[in-house]
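Protein sequences, first through last, are from chains F and U.
The first sequence begins at 1 in my numbering and counts up one residue at a time.
The second sequence begins at 652 in my numbering and counts up one residue at a time.
By construction, these hints were calculated from the structure, which means they are not laboratory data.
Among the clues, some could well be false.
With a straight-line cut-off of 30 Å between C-alpha atoms, the simulated DSS-like cross-links for lysine-lysine are [to be verified]:
hint, chain 1, residue 1, chain 2, residue 2
1, F, K60, U, K941
2, U, K705, F, K230
3, F, K268, U, K930
4, F, K113, F, K74
5, U, K740, U, K723
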Amino acid sequence: MGIEKMELVSLVGQMNELDQCLGKCCESGCFHIQPAFSSASAANGLTLLNEKNGYAPLLKTFERLAVELGIELKETDYSAYSPASPEEFSQRAREISESFEEANQKKKDALQKVAQINETVTQIHHLKGMNINFEDIFSCKYVASRVGRIPTDNLAKLDYYDENFFFVPFETQDLYCWGMYFCPEQDKALVDDLFHSMFFERVHLPNFVKGDADNAIKTLSADMTLQQQKADEAQAEINRISIRVKDEMLAAYSKLQYLYGTFELRKKVGYLSGKFYIKGFVPIKDKKRFNQLMSTLETVSAAYMPPDADANCTPPTILKNSWLTRPFGMMVEMYGLPNYGGFNPTAFVAITYTLLFGVMFGDLGQGFLVMLLGLIIGRKLNRDAGGMMVRCGLSSMVFGTIYGSVFGFEDLLDPLYEQLGISFLPLKVFSKTSFILLTAVAVGVVLIVLSMLINIYIGFKEKDYEKAIFGCNGIAGLIFYSSIAVGLVGTIMFDVKIMSPPFVICLIVIPLICIFCRVPFSLAVKYKKFRLSADEEEKMTIGGFIVENFFEMFEFVLSYISNTMSFLRVGGFVLSHAGMMLVVMTLMDGASAAAQPVILVIGNAFVMAMEGMIVAIQIIRLEFYEIFSRFNESDGVPFEPVKVQFNAQTE
Amino acid sequence: MLESMSSNATVAKIRALHGRMLTEENYREMLARRSVPEITEYLSSTRRFGDALKDIDPMTVHRGFLETLLEKENFDTYIRLCRFQQLDKLPFFDFLISKSEINCLLMLINSINSGLDRSYLDYLPGYITNYSGLDLLELSRAESFTELVKLLRTTKYYKPLVRVALAEDGTVDYTECERQLRTSYYARILNQAEKSFSDEEKDEMIKMLKDEINFLNMINAYRMKAFFGFTPEQIKLHQIKLPGVGKKLDNYYELDTPEQMLDWLSRNEAHQEFADGTKIEVVMQRNKYKRLEHTLYRSFHAPVVLYAFTQLCDFELSNITHIIEGIRYGVDPVYIENELLVC
């Protein structure tokens, strides 16, 4: 268990094989691509291939075609689909578009007519109050008239125009005023233009509309039905074409997505003298397979280097976990991955999380249910979450057995222990409150000390002496914290006078001084030079140094105390769990025989849901604040193998 | 304490409204449409503009009217927010009305200058007339700039406009009118912010206003240099000048070439290189967009948040207009998308 070893790969090849090479990188599923160079100074004449992606407009075209044909775009096998260049795709898009253009146009025309007629019918409804024959109005020789609606906000403007017209409103609503305007025939064009500029929406009454409003509505409704039929027929034709071209559309779109995606990757590819340069990381375990894939390309050569060969590239991190600890990897990722070469804390988290959950939520029956639920969730929803629940459930069962608690029945296992002759079990929670709380604090001390040891290990590995030796979580901090803990336990619990002057000076005062002066001390060890600040350009005065470190020391000491006391919650939840189940039992005792099973089930379900959730969150808090913060830098880069994602952007 | 709580309610309301604004995803979906009716239909299906567009017919609505309705929705939202906790009682809060009035006056001046006597009325947004202290419809009777100034005699716009000299042919320098009106607008609201707000509110508001003025000046200066070859003195003459605003821009105005100006902007304002063919307005406005969103979520003061929100609404409207125009003229959706003002 650690962090997967990587190698930096540099791929060089002729430009004609670039697309195939990128395709193979995607296919490998193990290539973490990096920009060919990260700064102009590192370019050495290389230029990035920042070309316009010619497949982007084609994707949009195919998306539009899919919308019009009612095809749902999904990923499909396109290996048999031959077009590859943008021109070929464009040609196919044109052909498909032409194949249903006529039907589509028919449908659009029919629907537009339906909309127009609908609008006309609505308009005529507004004109019902006129009680005038339409022919009488529209047959005027010297007077032009228009029916329609104008935005209400624009009505007031009409008075300020000098043109020769008048407007007759029929019905005023929130947004529009329905009405009709009249003007001399010779001014028609000018007045039409004026009303158009005021967003007057004219309704064209068809010539066949005769008589009064009622007659017109009847005629128009019949025409609307006819147009709707035409639209339906055209749609049926489009559907037929859609079925015919669906497979091709899906294959073409999937291939386009792939080509678009690989083309986008060109933005990270360098170009120099007719050759391309690709840089990235490959896990050592996949190197052979990756190499085999690359060897199928004629001009492409792969050079493997150590992961730190290029200072501009940060190697990505893959956590290497066993089946037992793997589900807890998601918690480490949630907090932030360690850097490459750092420490993988998953196993530590797995052990501590499982143990703490069992301690805080110890119940044989409930633990069993959590485990069962975990198995279901692991299969159906989320493998990692399910895996965590299974492990936590098992731990809960073990500690439930120790507490003698089964679904809140605290005496159910007593006869078993008596028969086995184990006198110190089960552990009756309420009779050993102090023991439980002190044990919780002791667990906290142990976990904090372990976290410090991990930090010291990482510090030495990274040759960071401030972190490993002089820091508050380094050797100095460890000695200071452990000495205080031992001193207090010895003095208070065992009445041993440990805190003698030599003990205090050597194990408390000197480590404190080391922590106070951690920066100059570590600089002295590393560079054999005395300086108050790690930043060479910073002018740190002695006064500034003392003030800054005084407050930091204050924070360190406070954090030792608060972090240790924080573990009291572990004991608190042991008591709280037992207390809540006691309430359920008391309620059950007071209820009728018929209601008792119901109360037992609801009570257990409630406690499991509420307390299980709270305990899970509290442990995450302990892990992140009290443990992780002592050693985990979380500045790692996640390993993201290059791939092309299918992402259809239609409604 | 009570005042602060009341302000918090408006801030919360504005943030909730901001959550309904169109997202990048919405714009992308709009770009998949082929015609204005389809875009209208899409907009009327959104929570943001659904109510405003519920009575229109997407098939027949005029593009200009659609844009007016969207503008009206933004304006109505602003009015509702001001009335929500009676913020409109403070003179500062008529800032959007003042801004709209200035736009109307500039439209009228343009119309007078070009002799298009009716175009002002055509483009005058009808909804403004209900809120404006000016009789914007009556102003349409002005046939010359002198008549317009006479009609404005009793208003706050008289002083800035009376300073502008008439040319021999009776026209007036439009850019000078714009500069005068905008300068007086910013001077007025800066003064109101200074007088009416608490220290923290005042500081945030003044900073935002100064940023806005600097932004306008920077863009204008670049355009003057790049497209009209103005000298530094000419550029300085055409800037919005107010006490304590834009001192750091003096070096920028002095630069000799547009390229140097771009370089200055990329280092000091945009904090990114301007790629070839990139419009500086787009990059700068995207930056401004980010800053406004940051202000909207960071500030607890209603005037600051409201001011930022109205500007974000303007950006949103500009994006919609951009998409509508692009679709109308058959522009490549990828190109339209690149020009959108999004973070």
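Results for each hint:
1. F:K60 x U:K941: Status holds; Cα separation ~28 Å.
2. U:K705 x F:K230: With a Cα-Cα distance of about 28 Å, the restraint between K705 of chain U and K230 of chain F holds, given a limit of 30 Å.
3. F:K268 x U:K930: 24 Å, holds
4. F:K113 x F:K74: Violated - the C-alpha atoms of K74 of chain F and K113 of chain F are around 34 Å apart, more than 30 Å.
5. U:K740 x U:K723: 21 Å, holds
This entry does not satisfy hint 4, going by the numbered hints stated previously; all others are met.
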